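Enquirer: Listed below are the residues making up each chain.
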Amino acid sequence: MHRRNVLTAAAGFAATSALPLARAAQIWQPGEMADGALDSALLEALPGKRELIKRSFRPPNFETPIEYFRAAITPNDAFFVRYHLGSIPDAAAASWRVRVGGAAAGTPVELNLVQLQREFEPVEIVAVCQCSGNRRGMFQPHVQGVAWGVGAMGNARWKGVRLRDVLKRAGVKPDALEVAFNGADEPAMEGTPDYIKSIPLDRALDENTLIAWEMNGAPLPRWNGFPARIIVPGWTATYWVKHLTDIDVRTKPQGGFWMIPAYRLPAGRFSGIDRFPSQENATNVPITNMLVNSLVTSIHDGMRVHAGQPVEVAGIAWDGGSGIRTVQVSLDHGQSWSDAPLGKDLGRFSFRQFSYTFKPDRTGTQLVLVKATSQRGETQVSDLVPNPAGYHHNVIPRIALAVA
Amino acid sequence: MKNFVIGLGATSPRATAARAARTGAVLACALAFAFTTVPVIAGEEKVQIATAPGVDQVRANCIACHSLDYIQMNSPFLDRKGWEAVITKMEKAFGAPIRAEDKDAILNYLATAYGKK
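Quick note, the sequences are listed as chains C and E, same order. Position 371 of the first sequence, counting from 1, maps to 371 under the numbering used here, and the rest follow consecutively. Quick note, the numbering used here runs 404 ahead of the 1-based positions in the second sequence.
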């Protein structure tokens, strides 16, 4: 990648810095967010984290500021934090155990962290972890929920063991249907449903689905699932259960609020989504893989640039695991598109950097459109696909530069 | 009757003494039959919601499970019906023990101070 250009662009970004959308502190936030979301955002640091965009203090929901996405890998201490439940454990690695059992498991197994690390083959994978509701705050009309901007996501190199190797230790019976996960985080109220999520058996047995204890070469931060969490590359973070304690090999679909009605898409409304047949019904289906998307980090709407001077359109693109085929830029309202050079390929589940430079030739407004296309041919959409929970915002951005 | 106490050292099945010591502050929500303690994330005291009729009922019923910035973050785009649906969701889906006699005051507060204009 053109590191020098990225840094130049970063400096330029800061220099223009009367960021038009900064409300609370110096935070860039998308302008289409609701006033209450913009105004209640604060730059706050959880213990062990840098200052992130606070959406809610408790349960802690903290978003990664856009400048961290100028790198392909998101630092651990800047990685977003998302919890549904208010009681978050501070588990000691030495006392941690994960239990594998269930109606479709052969022999129940209990493993400590040392056993997990020593008795199975360690593997590493670079993968995007993105909250299903990333960009929910940008939905118009607005929908209720955590009002995320663009930073409820991150990309890390995860180290762990294959879930399927651990499942094999217990034994998987032929009637296994789903594998469900529970973590140590708990509700504040007895009546609040515990956070339990399942994935289809084939996804659980996929070679890329891991139990991970390491992130970018360091132990998982407390706020990102210490001491171990599930990694489901390609699928949204709702399935990446943190502080993993229980693995349930099931013969029946997992119920509970967090499987249904939560994390659902209207049936038939989205294309390019992976099936989860045992959880589907006539009206809705569970969210599964991420849709192809991109984020421009070098320029922003309303930014002032100069005619005849180079402007870099740089950022990251990702999808649900097929990899990025192209990122294209249009300077003529979408009539023609040019391929942006892509950065280093860190694997099909990773952010892929791109950078395209042009010189605006006349003063006035220059519209910049950016569109990523995945290896399986899916592309970003022109118009938002409405859905009640505010998922899958992957609209082609229209960035208006003020050319002086 | 409910009493709300902000202080140190409260305990419950869900919050250990170690956790209380670590977080340094525990917000204790004393319910009629059970004590529930919730670790407070440093900074939560910065959340200031509108002073208006019903704010006491909002604090009394909502703060045990979540910080009150959830209200601000979801404003001002929900109308009265939208906020009513939120209250229903908190009760039915999340098991919030909202006192029946407080519900009207909570809804009026949310619809007036944080409702769609």
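Keep in mind the hints are simulated off the structure, nothing from the lab. Keep in mind it's a predicted model, so treat the numbers as computed, not measured. Treat each hint with caution, since some may be false.
Unchecked claim - Cβ-to-Cβ under 7 Å is the rule here; a few derived chain C residues that face chain E:
#1 R58
#2 T192
#3 P310
Glycine included, C-beta positions come from ideal geometry on N, C-alpha and C.
Enquirer: For a quick check of understanding: which of the numbered hints are violated here, in increasing order?
Expert: Of the numbered hints given earlier, the structure breaks just one, which is hint 3.
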